[in-house]
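Undergrad: Take a look at the letters that make up each chain.
2 protein chains.
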Amino acid sequence: MNERAQAYREAVELALEEALPAPKEGELTATVVEAMRYSLLAGGKRVRAVLALAFCKLCGGHWREALPFACGIEMVHCYSLIHDDLPCMDDDDMRRGRPACHRVYGEAMALLAGDGLLTKAFETVLGFPEPEKAAAAAKALAELGGHRGMVGGQCIDLEADGREVGMDLLREMDAGKTVALIAAACRMGCIAAGAGEAQMAAAFRYAQGVGMAFQIRDDILDVLGDAEKLGKYTGMDAAHEKRNYVTLLGAEAAQDLVESYTRQAVEALGIFPEDNGFLTEFALSLTGRES
Amino acid sequence: MNERAQAYREAVELALEEALPAPKEGELTATVVEAMRYSLLAGGKRVRAVLALAFCKLCGGHWREALPFACGIEMVHCYSLIHDDLPCMDDDDMRRGRPACHRVYGEAMALLAGDGLLTKAFETVLGFPEPEKAAAAAKALAELGGHRGMVGGQCIDLEADGREVGMDLLREMDAGKTVALIAAACRMGCIAAGAGEAQMAAAFRYAQGVGMAFQIRDDILDVLGDAEKLGKYTGMDAAHEKRNYVTLLGAEAAQDLVESYTRQAVEALGIFPEDNGFLTEFALSLTGRES
Chain A
1 MNERAQAYRE AVELALEEAL PAPKEGELTA TVVEAMRYSL LAGGKRVRAV
51 LALAFCKLCG GHWREALPFA CGIEMVHCYS LIHDDLPCMD DDDMRRGRPA
101 CHRVYGEAMA LLAGDGLLTK AFETVLGFPE PEKAAAAAKA LAELGGHRGM
151 VGGQCIDLEA DGREVGMDLL REMDAGKTVA LIAAACRMGC IAAGAGEAQM
201 AAAFRYAQGV GMAFQIRDDI LDVLGDAEKL GKYTGMDAAH EKRNYVTLLG
251 AEAAQDLVES YTRQAVEALG IFPEDNGFLT EFALSLTGRE S
Chain B
1 MNERAQAYRE AVELALEEAL PAPKEGELTA TVVEAMRYSL LAGGKRVRAV
51 LALAFCKLCG GHWREALPFA CGIEMVHCYS LIHDDLPCMD DDDMRRGRPA
101 CHRVYGEAMA LLAGDGLLTK AFETVLGFPE PEKAAAAAKA LAELGGHRGM
151 VGGQCIDLEA DGREVGMDLL REMDAGKTVA LIAAACRMGC IAAGAGEAQM
201 AAAFRYAQGV GMAFQIRDDI LDVLGDAEKL GKYTGMDAAH EKRNYVTLLG
251 AEAAQDLVES YTRQAVEALG IFPEDNGFLT EFALSLTGRE S
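One line per chain: the protein sequences are A and B, in this order. Reading the first sequence from the start, the letters are residues 1 to 291 in my numbering. Reading the second sequence from the start, the letters are residues 1 to 291 in my numbering.
What the hints contain is simulated information worked out from the structure, not anything from laboratory work. Check before you lean on any hint, since a few could be wrong.
[What the hints assert, rightly or not] Restricting the straight-line Cα-Cα distance to at most 25 Å, the calculated cross-link-like pairs of lysine to any residue (SDA-like) are:
1) Lys24(A) - Gly162(B)
2) Lys24(A) - Asp161(B)
3) Lys24(A) - Val165(B)
4) Lys24(B) - Glu159(A)
5) Lys24(B) - Gly162(A)
6) Lys24(B) - Met167(A)
7) Lys24(A) - Glu159(B)
8) Lys24(A) - Ala160(B)
9) Lys24(A) - Met167(B)
10) Lys24(A) - Gly166(B)
11) Lys24(B) - Glu164(A)
12) Lys24(B) - Arg171(A)
13) Lys24(A) - Asp157(B)
14) Lys24(A) - Glu172(B)
15) Lys24(B) - Glu143(A)
Kindly generate the complete structure, drawing on both the sequences and the hints.
TA: Encoded structure:
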């Protein structure tokens, strides 16, 4: 699996660099383009891009065809991180081991860089040579990235502090913040290959399983990490600002949920005759079950 | 002209309300949707929407067909105002006579509302029933709204304070900040009607003429307004923080430019056999020449 994922990642890095080349000397808009590139080309696991390419291949397309979609989804993911890091949101100074975009370019330019990347995402997706598929993929990206998807999840997160947080709220928040873009990636891969409704539905179940398992595992590592920092792990008493699956259910039940969502993802792949195990392994690696 | 513009505006208000209905009771993402609606449905002249509808009709389509495009362009315009008003940008407390979005909903929610509107813009444009036209219009919106268009113009504006501002910089800044979205509106109207390249090119010349004339006139009113506040108008000595056409060229030469750009707009309409004067009058009204 690793070689194939690596080949996907390398192709994505090249395509991103091509989609947003360095500004020419003296260009008046150079700074915003540099700020966009600073964050977009900072590496990362490119999970969403890999999923788009892999689903294109799984549905009978050539994975390279889905590169405009893979790039578009990474741009949306990247803009959301830039805006999330701003002082009025999470106020994070660091991202991927480097100063956050606004720490280098200032808040106003980082805001514009995010806006520019979100806009460029649609331009890139719409660069797909077949207009029907381009329109369908861009529409999926807009629906899942917007107020009923990712932006909606961030809104729930913002307001969670002052609210009674139960399982319903947590599930809807993670459906927006984590599942939505993963679902967009898988769906856009299917669209690139001209997949049918049954394949799209299976791709969504896979995305939901992987996304939720990934998120809950993140919550577990988060709480365990905090507990380790405190020198002890005391389960429900672990010091933690925010409610999450572990503080609500306990670590063991949360781990059971990870397993069950991972199973949902793997089982969803059953309908694809061409499945060669890549997406199964990818799901297991993302959710901490890599052998 | 006024009745027709009014009919267009009313149809746009209805279509915007339909595209982004009020959240249902208890919806967890209600706040971001309310923030989006607060700014989007605050009225305004809907100049860009009217241009999209009018160019659709001018190119032989029915103007109502272009409503998804008209709504999308208003959403992009609206998101840019929300983000512009944020403390890290222009730090404006008021917009259209009401508190700015972030003064009502807070900075973080206003940021998300802007992101949500930009995303919703593409979803709305891509709701156009013919996928080829939908994709072409969304691509035009992305190209003209992004770092080579509107976002680029905002970047130039941000950096203008510390720079030697000459005519070239001013022209490129206004091409991004003002002309780009107006050009997108005219182009998308043409696309809705299935117009050809010659019509698209004429629509761009019209948009450029109207956009530049509108911007320079705004500069003139701005400087005259400041001078009136000071009780006198002293031409190049008028107190004004920012360089603009008046401070660079003087009021008379700036007014000559308004005339010449307005003429460019009106002359560009010459190739349309079905022109009935609406867009000529609209150009004159926008640039202060309304009879």
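Undergrad: Hints first: check each against the structure and report whether it holds.
TA: Comparing the hints with the structure gives:
For a cut-off of 25 Å, the pair hint linking Lys24(A) to Gly162(B) stands: about 20 Å separates their Cα positions. Using a Cα cut-off of 25 Å, the hinted pair Lys24(A) and Asp161(B) holds, with the two alpha carbons roughly 22 Å apart. Between Lys24(A) and Val165(B), the direct Cα distance comes to roughly 20 Å. Compliance with the 25 Å bound is thereby established for this hinted pair. For the suggested pair Lys24(B) and Glu159(A), the alpha carbons sit about 17 Å apart, so the restraint of at most 25 Å is met.
Our distance criterion of 25 Å between C-alpha atoms is met by Lys24(B) and Gly162(A), whose separation comes to about 20 Å. Proximity of Lys24(B) to Met167(A) is assessed by CA-CA distance (about 20 Å); at most 25 Å being required, the pair is judged to hold. Straight-line distance between C-alpha atoms of Lys24(A) and Glu159(B) comes to about 17 Å, which keeps the hinted pair within the 25 Å bound. Our distance criterion of 25 Å between C-alpha atoms is met by Lys24(A) and Ala160(B), whose separation comes to about 19 Å.
For the hint linking Lys24(A) to Met167(B), the alpha-carbon distance of about 20 Å falls within 25 Å, and the restraint holds. Between Lys24(A) and Gly166(B), the direct Cα distance comes to roughly 20 Å. Compliance with the 25 Å bound is thereby established for this hinted pair. Our distance criterion of 25 Å between C-alpha atoms is met by Lys24(B) and Glu164(A), whose separation comes to about 20 Å. For a cut-off of 25 Å, the pair hint linking Lys24(B) to Arg171(A) stands: about 19 Å separates their Cα positions.
For a cut-off of 25 Å, the pair hint linking Lys24(A) to Asp157(B) stands: about 19 Å separates their Cα positions. Distance check on the hinted pair: Lys24(A) and Glu172(B) sit about 15 Å apart at the alpha-carbon level, within 25 Å; holds. Of the pairs offered as hints, the one joining Lys24(B) and Glu143(A) holds, with about 18 Å between alpha carbons and a cut-off of 25 Å not exceeded.
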